[in-house]
Every structure is written in structure tokens, then in C-alpha cells.
Amino acid sequence: NAGVTQTPKFQVLKTGQSMTLQCAQDMNHNSMYWYRQDPGMGLRLIYYSASEGTTDKGEVPNGYNVSRLNKREFSLRLESAAPSQTSVYFCASSETPWTQYFGPGTRLTVL
Amino acid sequence: DAKTTQPPSMDCAEGRAANLPCNHSTISGNEYVYWYRQIHSQGPQYIIHGLKNNETNEMASLIITEDRKSSTLILPHATLRDTAVYYCIVRAWDNYQLIWGAGTKLIIKP
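From first to last, the protein sequence lines stand for chains E and L. Position 6 (the first sequence) corresponds to 585 in our numbering; numbering is contiguous. Position 103 (the second sequence) corresponds to 1578 in our numbering; numbering is contiguous.
These aren't lab readings, by the way, just hints derived from the structure by calculation. All the pointers check out, no bait thrown in.
Chain L residues, not near chain E, derived (Cβ > 12 Å throughout):
id, residue
1, Asp1486
2, Glu1489
3, Asn1498
4, Thr1501
5, Gly1504
6, Lys1527
7, Asn1529
8, Ala1535
9, Thr1540
10, Asp1542
11, Lys1544
12, His1552
13, Leu1555
14, Lys1584
15, Pro1585
Residues on chain L that point at chain E, a partial pick, calculated with CB under 10 Å:
id, residue
16, Tyr1509
17, Gln1513
18, Tyr1521
19, His1524
20, Trp1568
21, Asp1569
22, Asn1570
23, Tyr1571
24, Gln1572
25, Leu1573
26, Gly1578
Pair ranges (Cβ atoms, derived):
id, chain 1, residue 1, chain 2, residue 2, range
27, L, His1515, E, Pro662, 17 to 27 Å
28, L, His1515, E, Lys650, 30 to 40 Å
29, E, Ser597, L, Ile1549, 40 to 50 Å
30, L, Ala1567, E, Ser630, 16 to 26 Å
31, L, Met1534, E, Lys588, 23 to 33 Å
32, L, His1515, E, Ser646, 24 to 34 Å
33, L, Thr1540, E, Lys593, 46 to 56 Å
34, E, Met620, L, Thr1540, 25 to 35 Å
35, L, Pro1496, E, Lys650, 37 to 47 Å
Keep in mind that this is a model prediction, so the values were computed, not measured. Don't be surprised by glycine CBs; every beta carbon is placed ideally from N, CA and C.
Please model the entire structure based on the sequences and the hints provided.
The structure is reproduced here in C-alpha cells:
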């Protein structure tokens, strides 16, 4: 099992560009999450999907959109990137709300 | 969700037990205590969780005080690979949103 995979691992964007971060899990989990982590801080939830077909806003959803493509895949889109979105993005999945399994992260820099 | 307070950093000698404290004085009756850790630049890793009873698994033990206002995560025989930031999180069992603080940076010294 690969667990939770994320692509790309690194990305540099210019202000105003758009991009989609991809996440996939092979554990047949119902729930998936997108977090961001800024230097020296804990993770902040952007969006989550409790089950296939549903998505909900987390703590910091502004500037992002998500798509739960199917049970395995959950993508995060930045429509118009801003320097404030420079961060490390983690995707996670879980079967129970408390035990989340995380991917390796995507390091995004917006110039 | 209740807030948590953790020391920003701690040291522990390799082979010793590492005891990481967490205060959650405003915890509600339906809120669990969860512990995760994040080894440098990697995604966080679930360690353990509990409601009011002490819990143990292959990674660690969780001791929750009787009034549930504080807890301690115990790594019984710390190794250098346990160097990480440890996060204590309190939330209701059916709440999907984990609120992460800054955690405790645990450094295991040889």
C-alpha cells in the first residue's frame, strides 16, 4: 500500500497563476482532508470531505476550491495564487475522524 | 473545541522515558485527547487517543488525569528517531476538524 500520495512534491508559481494539487489514497477511507502548514506553526484545515460526494470548509478556505473526484482522490485548486499561499500542503485520509493518515506534503512557493 | 497548552520544547536522553505534558482545562465531557507527531518536514503521524481512561499502544502510553484537565504522553524508551514535534489536540469524537497548536518540540539526545 502506498497510503496517501500527493503530487507534485514541489511547485513554484507566480502571483495570479493557477494550479491543482492532487491527492490519492489507497486505504479505502471515506474521509479526506487538505491542510496547510506555515513555518513554525501547526496545521490548519482548509477543506475536508467526510464522505464521497460531500465537501466542507475548514478553518482557512478562502482562495481555495476542492473536488472529491471519487472515493480515492481529493484535489485542491488555487485559482489565482497569492504570496500568502506559500506554504506546505498536506493531504490526509481517515476511516475514523480521529486517526488521520497524512501524505508527504507539497511545498508551494508563490512569487 | 477546548484549547490545549504545551511547552514549546523539551529534551530527553536516549533510552529514558519521555513525558510530554498537555493542559486542557476547558475540555468538555465528549471531547477526546489525541496525540500526533511530526518528524521533520514529514506529514504528521497519529500516536494515540483517549477519553478518560489511560491508554497504551505499541508507540506510547497516554495518562489522563481524573479531572481530565491535563494529560501526559509517555514514550517509554525514547530513541533518536523520536525527535519530532508532538501535538496534543482535544476535540469531540465526531468532529472532523482537528485544531493544531504549535506543539512541543522533543529533542532526544544521545
